[in-house]
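**Q** From first to last, the protein sequence lines are chains L and W. The working numbering puts the first residue of the first sequence at 2, with every later residue one more than the last. The working numbering puts the first residue of the second sequence at 33, with every later residue one more than the last.
Just so you know, the hints here were simulated from the structure itself, not pulled from any lab data. Glycine included, each C-beta is placed from N, C-alpha and C at the ideal position. Do not take every clue at face value.
[What the hints assert, rightly or not] Distance ranges between label pairs, derived from CB positions:
(1) W/Q99 <-> L/T6: 31 to 37 Å
(2) W/G116 <-> L/R70: 22 to 28 Å
(3) L/D9 <-> W/G116: 25 to 31 Å
(4) L/T13 <-> W/S70: 22 to 28 Å
(5) W/Q99 <-> L/G42: 25 to 31 Å
(6) W/G116 <-> L/R107: 21 to 27 Å
(7) W/G35 <-> L/A104: 24 to 30 Å
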Amino acid sequence: AQSVTQPDIHITVSEGASLELRCNYSYGATPYLFWYVQSPGQGLQLLLKYFSGDTLVQGIKGFEAEFKRSQSSFNLRKPSVHWSDAAEYFCAVGGYNKLIFGAGTRLAVHP
Amino acid sequence: DSGVTQTPKHLITATGQRVTLRCSPRSGDLSVYWYQQSLDQGLQFLIQYYNGEERAKGNILERFSAQQFPDLHSELNLSSLELGDSALYFCASSVYQGTGGTDTQYFGPGTRLTVL
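Given only the sequences and the hints, what does the whole structure look like? Please build it.
**A** Written out as structure tokens, the structure is:
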């Protein structure tokens with residue numbers, strides 16, 4: 002069955018520190034992978050996506066993610082976190098006609 | 033701003049009632065998807081429409097129904113509401129019908145439903 006696991010429910014980092022949010026997926030075929038961000042009271046904003054090709058993808062707001070087929074992972078990274086990055090982050094895998102989401106990782110940023 | 037609009041933003045109603053949530057997709061998008069976000073279930077896919085036709089069904093209750101109109105806007109109807117239906121309901125849209133994989137879905141701001 003298709004599924005997405007985000008092992009970290011909460012992560013706290015200091016402003017300016019680097020960030021890595023983990024995502025593991027289970028999918029039978031070539032996965033279509035996404036990261037979305039949800040700020041408090043807001044909808045879901047697409048950060049980046051992987052469909053094929055280069056396994057390192059760049060997104061908005063300085064985020065990047067690396068697809069590793071051997072590890073079934075699609076981790077999100079940012080070299081230097083800003084206070085405005087505090088939000089909830091969702092990894093998703095594209096199944097037939099739908100997205101399957103992980104439980105989300107809530108990011109807190111200390112000044 | 034994704035270009036997907038949802039109304040109303042908030043909805044408070046009582047158990048047993050029926051409500052309608054409305055979604056307008058991005059200009060040019062033919063597919064509309066509905067998702068439910070709750071504390072216990074997370075983000076769950078409910079249903080997809082493509083150019084007026086139902087294309088995929090997820091964990092949608094029989095008390096819930098949806099449709100997509102000729103102008104491509106969609107409505108999600110929730111009836112016989114229960115306390116557990118309280119959640120954030122998102123609409124998303126995409127260009128294609130998602131056959132063979134999926135294309136990028138853009139999400140609206142959501143409708144927060146509170147059932148008292």
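**Q** Flag every earlier hint the structure violates by its number, smallest first.
**A** Result: hint 2 breaks, nothing else.
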